[in-house]
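**Q** What follows is each chain in one-letter form.
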Amino acid sequence: MKVAKYMTSVAIAAGLFAGPAAAEDMRIALVVKALGIGFFEAAAEGAQEAADEIGGVEIIYTGPTDTTAEGQIEVINSLIAQKVDAIAVSANDTDALVPTLKKAMQRGITVVSWDSGVAQDGRQAHLNPSSNALIGNMIIKLAADHLPDGGEVAVLSATTTSTNQNIWIDEMNKVMGNYEGIEVVSTVYGDDLADKSYREATGLMQSHPELDAIIAPTSVGIVAAAQAVADAGKIGEVNVTGLGLPSEMAGAIESGASKSFAIWNPIDLGYSATMLAHQLATEAATAEPGAEISIGRMGTITLDDTNAAAMADPFVYDASNIDAFKEIF
Amino acid sequence: MTYLKSREALLFGAIIFLMSLVATRFPGFIAPDNLVAVFTDTSPLMILAIGQMVVILTRCIDLSVAANLALTGMVCAMINVAMPDLPIGVILAVSLVMGAFLGAINGILVWKLNIPPIVVTLGTMTIFRGIIFLLTEGKWINAHEMSAHFTAFPRASILGMPILGWFGIVVALVAVIAMARTTLGRSIYAVGGNPHAAVYTGINVGRTQFYAFVISGMLAGLAGYLWIARYAVAYVDIAGGFELEVVAACVIGGVSIAGGAGTVIGTLLGALFLGVVKNALPVVDISPFWQLAISGAAIIIAVAFNAQSGRSKGRVILKSAEHSQ
Numbered sequence: 001m002k003v004a005k006y007m008t009s010v011a012i013a014a015g016l017f018a019g020p021a022a023a024e025d026m027r028i029a030l031v032v033k034a035l036g037i038g039f040f041e042a043a044a045e046g047a048q049e050a051a052d053e054i055g056g057v058e059i060i061y062t063g064p065t066d067t068t069a070e071g072q073i074e075v076i077n078s079l080i081a082q083k084v085d086a087i088a089v090s091a092n093d094t095d096a097l098v099p100t101l102k103k104a105m106q107r108g109i110t111v112v113s114w115d116s117g118v119a120q121d122g123r124q125a126h127l128n129p130s131s132n133a134l135i136g137n138m139i140i141k142l143a144a145d146h147l148p149d150g151g152e153v154a155v156l157s158a159t160t161t162s163t164n165q166n167i168w169i170d171e172m173n174k175v176m177g178n179y180e181g182i183e184v185v186s187t188v189y190g191d192d193l194a195d196k197s198y199r200e201a202t203g204l205m206q207s208h209p210e211l212d213a214i215i216a217p218t219s220v221g222i223v224a225a226a227q228a229v230a231d232a233g234k235i236g237e238v239n240v241t242g243l244g245l246p247s248e249m250a251g252a253i254e255s256g257a258s259k260s261f262a263i264w265n266p267i268d269l270g271y272s273a274t275m276l277a278h279q280l281a282t283e284a285a286t287a288e289p290g291a292e293i294s295i296g297r298m299g300t301i302t303l304d305d306t307n308a309a310a311m312a313d314p315f316v317y318d319a320s321n322i323d324a325f326k327e328i329f
Numbered sequence: 001m002t003y004l005k006s007r008e009a010l011l012f013g014a015i016i017f018l019m020s021l022v023a024t025r026f027p028g029f030i031a032p033d034n035l036v037a038v039f040t041d042t043s044p045l046m047i048l049a050i051g052q053m054v055v056i057l058t059r060c061i062d063l064s065v066a067a068n069l070a071l072t073g074m075v076c077a078m079i080n081v082a083m084p085d086l087p088i089g090v091i092l093a094v095s096l097v098m099g100a101f102l103g104a105i106n107g108i109l110v111w112k113l114n115i116p117p118i119v120v121t122l123g124t125m126t127i128f129r130g131i132i133f134l135l136t137e138g139k140w141i142n143a144h145e146m147s148a149h150f151t152a153f154p155r156a157s158i159l160g161m162p163i164l165g166w167f168g169i170v171v172a173l174v175a176v177i178a179m180a181r182t183t184l185g186r187s188i189y190a191v192g193g194n195p196h197a198a199v200y201t202g203i204n205v206g207r208t209q210f211y212a213f214v215i216s217g218m219l220a221g222l223a224g225y226l227w228i229a230r231y232a233v234a235y236v237d238i239a240g241g242f243e244l245e246v247v248a249a250c251v252i253g254g255v256s257i258a259g260g261a262g263t264v265i266g267t268l269l270g271a272l273f274l275g276v277v278k279n280a281l282p283v284v285d286i287s288p289f290w291q292l293a294i295s296g297a298a299i300i301i302a303v304a305f306n307a308q309s310g311r312s313k314g315r316v317i318l319k320s321a322e323h324s325q
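As given, the protein sequences belong to chains A and B, one line each in that order.
The numbers in the working numbering rise by one with no breaks, and the one at position 96 of the first sequence is 96.
The numbers in the working numbering rise by one with no breaks, and the one at position 187 of the second sequence is 187.
Treat the hints with caution; some may be incorrect.
[Said to hold, decoys possible] DSSO-like, lysine-lysine: derived pairs with alpha carbons at most 27 Å apart:
| hint | chain 1 | residue 1 | chain 2 | residue 2 |
| --- | --- | --- | --- | --- |
| 1 | A | Lys102 | A | Lys83 |
| 2 | A | Lys196 | A | Lys259 |
| 3 | B | Lys139 | A | Lys259 |
| 4 | A | Lys259 | A | Lys174 |
| 5 | A | Lys234 | A | Lys141 |
| 6 | A | Lys196 | B | Lys139 |
[What the hints assert, rightly or not] Not everything, but these chain A residues come out facing chain B in the computed CB check (under 8 Å):
| hint | residue |
| --- | --- |
| 7 | Ala34 |
| 8 | Glu45 |
| 9 | Val188 |
| 10 | Tyr189 |
| 11 | Tyr198 |
| 12 | Arg199 |
| 13 | Gln206 |
| 14 | Val223 |
| 15 | Asp231 |
| 16 | Gly233 |
| 17 | Gly256 |
| 18 | Asn307 |
By construction, these hints were calculated from the structure, which means they are not laboratory data.
Owing to the predicted nature of the structure, the values given are computational and were not obtained by experimental measurement.
Ideal Cβ positions, reconstructed from N, Cα and C, are used throughout, including at glycine.
Based on the sequences and whatever the hints tell you, model everything.
**A** The structure is reproduced here in C-alpha cells:
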C-alpha cells in the first residue's frame with residue numbers, strides 16, 4: 001500500500017515536470033512597466049495572439065506593481081532563474097536594467113525591449129511603437145486636419161524633463177512648415193497631474209482667447225484638458241487632441257471636446273514584440289543593423305544603426321472607432 | 001494697530017499685492033468671474049488645510065490626507081459605476097463616513113499605541129494608495145463610466161459660484177464656529193498649547209488627537225468625492241504629493257508646527273495664497289522652469305515671516321489675557 005502511494009506521487013511529480021515542457025517548446029516573458037495598466041493588458045492580449053499564431057509558445061505576462069526599475073530588476077532576475085527563452089521588456093529606466101539584462105543574455109536568453117527602450121548594451125533589438133518623427137507629425141496633423149483655414153494651437157505636455165514628450169514636440173516643430181497657417185502660441189507643462197494640467201489648460205484658454213486647439217501628448221494631460229475645455233464652455237471652439245487611451249478619452253470624444261486623438265495600438269505592439277522576440281530566439285533572424293525582420297501581420301521592420309526599429313504610424317481614434325476600442329484599453 | 005500687524009492682515013496684503021502684480025501682466029485675472037474660478041479651484045485645498053490645521057494644532061501631523069482623498073474618491077467612483085442612479089446625498093454621506101473611518105485608523109494608532117503621528121500617517125499614506133491599487137489593479141475610472149449627475153454636482157452653479165466653491169465656504173464657517181465656540185475646539189487648542197496643563201484640566205489628550213484625525217479624515221474624504229467628480233477621472237496617483245501642499249497652506253497661514261497656535265482664517269488665506277500663485281503662473285506666461293522655484297520661494301518667504309512674527313507669542317492661546325498683564 002505504502003509503495004503504491006509512493007509510486008503514485010512519483011508519477012504525479014514526474015508528470016508535473018514533464019507536462020509544460022511537452023506542451024510548449026518556448027517561453028517568452030513579456031515584462032511591462034507595471035501590472036494593471038490597460039495599455040499593457042492589451043499588449044499582453046496581442047502577445048497571446050502572436051503566441052497562438054506561432055504555436056508552441058507560452059507567454060509569461062509579468063511586471064512590478066509600480067513603475068520602478070528596482071521592481072523590474074527583481075522580476076527579470078526571477079525570469080532568469082526560471083530559464084525562460086526570451087524576455088521582451090518595456091523598461092522603467094534606460095540604464096538601470098542593463099546589468100541584469102546582460103546577465104540574462106549571457107545565460108542564452110534572447111532580450112528585446114519594446115515601447116520604452118533600454119540602452120543598446122542591454123538588449124539585442126528595440127521595437128519602438130512608432131518613430132518620434134511619425135508621432136511628432138501625427139500630433140500636429142491631428143490638430144491641423146480640423147483647422148483648414150489655419151489657427152492658433154498650444155501644447156500641454158507632461159513634465160519639463162519627460163524625454164519622450166520633449167522629443168515629440170521637437171519633431172512636431174520640425175514639420176510645422178508643412179502645415180500653413182498653424183501657429184504654436186505656447187507650450188505649458190501639467191506634470192502628469194490632473195489638477196495642474198486642468199489649471200494649465202484653463203490658463204491657456206485665458207491667455208489666448210483665439211486658441212483653436214490644445215495638443216497634449218500625454219494621457220493625463222489630454223483628459224484634463226478635455227475636461228477644462230468642457231467646463232469653460234468652449235466645446236467646438238477649442239479642439240483637444242494628442243496622445244491618449246481610448247478608454248480614458250471616450251467621454252471627451254462623446255462630449256465633442258476632442259474630435260480625434262492618436263496612440264499606437266497596444267495589441268499590435270505586444271503582438272509585434274512577441275514576433276520579434278520569437279524570430280530572434282529561434283535564430284530565424286539576427287539582430288544587426290540593416291536586418292529586415294518579419295513581424296507577422298504587421299509586415300517587416302528594418303533595424304537601424306542602434307538595432308532599433310519603428311512599428312508603424314500612430315493609430316487614430318475618433319467617434320467612428322472609439323466604442324470598439326474603449327472596452328479594450 | 002495690532003490687527004494690521006497680524007498674520008492674517010499680512011497675508012491678505014500679500015495676496016492683494018500678488019493679484020495686482022498679475023493684473024499688470026494679465027488684466028483678465030482680476031475679473032470677478034476669474035476670481036470665482038480661482039476660489040473654486042482652491043476649495044479642495046482649503047477643505048484639506050482646515051482638517052490639517054486641526055491636526056497640527058494638537059501637535060500631530062496628517063500626511064495621509066491626499067491618499068485618503070484618493071482612496072475615498074476612488075471608492076465613490078466605483079460605487080457610482082456599480083450603482084449609477086444612487087443620489088448624490090448618499091455619495092456625500094459615504095465620502096464623509098469613509099474619510100472619517102480612515103482618519104480614525106490614524107487616530108487610534110496615535111492614541112492607543114502611542115506611535116508618533118508622522119510615522120503612523122506616513123504608513124497609512126502608503127497603505128491607502130496600496131489599497132486603491134488592490135481595488136482597481138491600477139485601472140482608471142474615466143469620465144464616460146461615471147454617471148452625469150455624479151460629475152455635474154460640484155460644478156453646478158449657485159449664485160454664480162460652483163457648489164465646489166460653496167463647500168469651501170461652508171466648511172470654513174463651520175470650522176470658525178467649532179474652533180471658537182465648542183468644547184472640542186477649545187480642547188484642541190489646549191492640547192497643542194500645553195499637553196501637561198491640558199491633562200490637569202481634565203482633557204484627554206489622546207482622545208482629542210483622535211478626534212482631530214477623524215475631522216481631518218472626514219474632510220479629506222469629502223474633498224475626495226469633489227476632486228474625482230470635478231476632474232472626472234479617478235486613478236491611483238490622483239492628488240499625488242498634495243499632502244505637502246496642504247501642510248504648506250497651514251504653515252503659510254500661520255499655524256505653528258509646534259501646535260497650539262493658528263486660526264481658521266489664517267489657514268484659509270494660506271490656501272488662497274497658494275491657489276492664487278498656482279492659478280496666476282499659467283496665465284502670466286512665466287517659463288515653466290521658473291514656476292516651481294517661484295512657488296517654493298513664496299512658501300519660504302511666508303514661513304520666514306511666520307518665524308519672525310510668531311517667535312515670542314507662539315504658545316499664547318488667549319491674546320486678550322496677554323495684553324491685560
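**Q** All the hints need checking, so say for each whether the structure fits it.
**A** Now for the hints, and whether the structure bears them out:
1. Lys102(A) - Lys83(A): 14 Å, holds
2. Lys196(A) - Lys259(A): Holds - the C-alpha atoms of Lys259(A) and Lys196(A) are around 23 Å apart, at most 27 Å.
3. Lys139(B) - Lys259(A): Answer holds: Lys139(B) to Lys259(A) is near 24 Å, not above 27 Å.
4. Lys259(A) - Lys174(A): It holds: about 24 Å lies between the C-alpha atoms, which stays within 27 Å.
5. Lys234(A) - Lys141(A): Between Lys234(A) and Lys141(A) the Cα gap is close to 21 Å, so the pair holds against 27 Å.
6. Lys196(A) - Lys139(B): The hint holds at about 21 Å.
7. Ala34: Holds. Min distance 6 Å.
8. Glu45: Glu45(A) check fails; min Cβ-Cβ to chain B is 15 Å, beyond 8 Å.
9. Val188: 6 Å, holds
10. Tyr189: 4 Å, holds
11. Tyr198: With a closest approach of 6 Å, the Tyr198(A) hint holds.
12. Arg199: 6 Å, holds
13. Gln206: OK, holds: Gln206(A) within 8 Å of chain B, min 5 Å.
14. Val223: 5 Å, holds
15. Asp231: 6 Å, holds
16. Gly233: 11 Å, violated
17. Gly256: Not OK, violated: Gly256(A) not within 8 Å of chain B, min 13 Å.
18. Asn307: 31 Å, violated
Hints 8, 16, 17, 18, counting from the list given before, are not met by this structure.
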